[in-house]
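Going down the list, the protein sequences come from chains X and S.
Residue numbers for the first sequence follow my numbering, so the first one is 1 and each next one is one higher.
Residue numbers for the second sequence follow my numbering, so the first one is 245 and each next one is one higher.
By construction, these hints were calculated from the structure, which means they are not laboratory data.
Be a bit skeptical, because a hint or two may be false.
[Claimed, not checked] Restricting the straight-line Cα-Cα distance to at most 30 Å, the calculated cross-link-like pairs of lysine-lysine (DSS-like) are:
1. K396/S x K452/S
2. K396/S x K192/X
3. K152/X x K438/S
4. K438/S x K452/S
5. K452/S x K192/X
6. K152/X x K452/S
7. K438/S x K396/S
There are 2 protein chains.
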Amino acid sequence: MSDDRWEPPAILLAVDLVILTLRDSRLHVLLVERGIEPYKGAHALPGGFLQHSQEGLVAAAHRELAEEADLDVETLRLEQLGVYDDPDRDPRGRVVSVAFLAIAPRLPEPTAGTDAADAGWHPTDRVLSGDVRLAFDHRRIVADGIERARAKLEHSALATAFCGPTFTITELQDVYEAVWGMPLDPRNFYRKIKKTDGFILPAGSARKAATGRPARLFRAGPREVLYPPMIRPVDSPNGKEPVQ
Amino acid sequence: MSDDRWEPPAILLAVDLVILTLRDSRLHVLLVERGIEPYKGAHALPGGFLQHSQEGLVAAAHRELAEEADLDVETLRLEQLGVYDDPDRDPRGRVVSVAFLAIAPRLPEPTAGTDAADAGWHPTDRVLSGDVRLAFDHRRIVADGIERARAKLEHSALATAFCGPTFTITELQDVYEAVWGMPLDPRNFYRKIKKTDGFILPAGSARKAATGRPARLFRAGPREVLYPPMIRPVDSPNGKEPVQ
DNA sequence: TTAATAGTGTCTATTAGACAATATGTC
DNA sequence: GACATATTGTCTAATAGACACTATTAA
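Model the full assembly from the supplied sequences, consistent with the hints where possible.
This is the structure:
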């Protein structure tokens with residue numbers, strides 16, 4: 001610990017938010033355009049410093065999201081993603097940032113707030129590929145957030161958080177396909193979802209049909225943890241052969 | 245973000261360490277006896293404040309571990325466990341703590357360092373049950389660390405980190421049984437482990453036998469991610485609580 | 001009717017789980 | 001020999017994956 005004359009180090013605490021949503025069956029992340037230096041004009045995750053010593057991290061995250069993107073944030077469930085503390089990650093000095101992850105259903109285009117020149121959804125693949133360049137270490141944070149979402153889709157009912165209050169099983173499959181980045185067999189998916197007790201519940205009668213048979217509607221069920229889990233087809237994990 | 249006359253809040257950053265090991269087939273956690281207020285004399289996780297503004301979190305964790313428990317810490321791989329930021333968690337003021345998790349093979353009894361009156365291994369069940377009371381919110385942190393270890397045993401080769409350089413399959417099973425807290429069938433376990441390519445590699449010939457047939461020796465293989473995963477028998481699909 | 005999507009059924013290869021049988025050491 | 005633990009084998013129920021088939025709407 002410390003002796004009595006020890007001087008607390010000057011370290012700033014910040015929060016960064018990875019907000020993911022689905023638009024046109026593609027995974028998108030919420031980015032702002034930075035209005036101040038450093039990285040002025042560059043894209044970045046919403047976020048900022050804790051404002052006073054009693055402010056909680058989650059409270060700060062909600063505040064920044066409201067300030068920068070004017071999103072209705074009450075319904076978002078923030079989950080701790082990790083701490084980013086590379087001493088050189090911010091040119092202003094030592095900034096330790098706690099990243100949060102949240103999943104949003106289809107939301108209206110956010111309006112720019114005060115601090116950020118612009119806020120909007122960007123396809124995650126354009127961020128990961130480097131086509132959209134992010135300030136600080138935010139690309140890494142986005143990558144970590146996506147990987148977390150992929151993993152959580154396997155073991156939790158997180159997928160329903162991407163959907164509105166009611167949804168079809170095909171819409172739910174769209175979520176899995178977009179986040180996992182791979183196609184799934186609709187028939188096996190349907191069977192697996194319906195056999196997982198408490199994952200989804202019937203919600204009224206059928207609806208929707210630009211064409212084809214109308215789909216039944218469901219809503220999120222009480223089950224949070226999926227057991228057995230949804231299985232993410234092997235893309236190429238750590239060197240396992242397709243078949244022995 | 246901030247305007248130019250904004251005063252940085254006085255927030256202290258700390259690290260806490262959950263070091264788990266196996267002793268007599270029971271899961272143990274490393275605790276120190278606090279030598280200073282608050283909670284002087286109580287058990288607590290090793291940890292402490294960042295000492296200067298350029299010190300990294302992992303570096304601080306290593307330093308504290310060396311100071312307080314005099315453990316050879318070079319081989320420990322620290323993994324971020326989470327951030328604990330309840331404004332009331334420390335009576336001295338606002339202390340935000342980053343917890344790390346590490347798994348240690350059987351280690352010698354640690355010797356007390358300078359800051360801590362005593363350091364030693366304590367069975368985790370006595371911590372979780374409340375028989376051993378911890379300072380601050382450290383009981384919660386230990387619980388989170390154990391749950392993380394349980395989950396990681398399913399999908400990673402973490403179990404080998406509990407073992408020495410070489411081990412038998414039965415010893416590996418002991419790890420799973422102790423961390424998961426449930427018995428496993430040795431024959432099915434044996435088959436499952438051996439069919440997972442790259443999990444373990446043969447290491448010399450047989451050895452060890454107080455009684456019974458000598459077991460073959462193995463060492464950790466290159467595989468880090470287990471696919472398909474080890475399956476934790478369902479005893480209660482305990483839900484994960486949302487991060488506050 | 002056709003087109004298009006929703007939903008069901010069926011077969012097969014794999015595997016988790018239960019547990020018998022055999023191997024190899026010490027006493 | 002008895003005993004204890006390690007290792008292999010075998011049977012069965014469950015299920016992921018592939019895919020044919022039926023159902024229900026709009027045009």
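Status of the hints after comparison with the structure:
1. At roughly 29 Å between alpha-carbon atoms, K396/S and K452/S fall within 30 Å of each other, so this suggested pair holds.
2. Restraint check for K396/S and K192/X: the C-alpha separation of about 25 Å stays at or below 30 Å, so the hint holds.
3. Distance check on the hinted pair: K152/X and K438/S sit about 28 Å apart at the alpha-carbon level, within 30 Å; holds.
4. Our distance criterion of 30 Å between C-alpha atoms is met by K438/S and K452/S, whose separation comes to about 20 Å.
5. Distance restraint check for K452/S and K192/X: the Cα-Cα separation of roughly 46 Å exceeds the 30 Å cut-off, and the hinted pair is therefore not satisfied.
6. Between K152/X and K452/S the CA atoms are separated by roughly 42 Å; this puts the pair beyond 30 Å, and the hint is violated.
7. This hinted pair checks out: K438/S and K396/S have alpha carbons roughly 19 Å apart, not beyond 30 Å.
Checked against the numbered hints given earlier, the structure breaks hints 5, 6 and satisfies all the rest.
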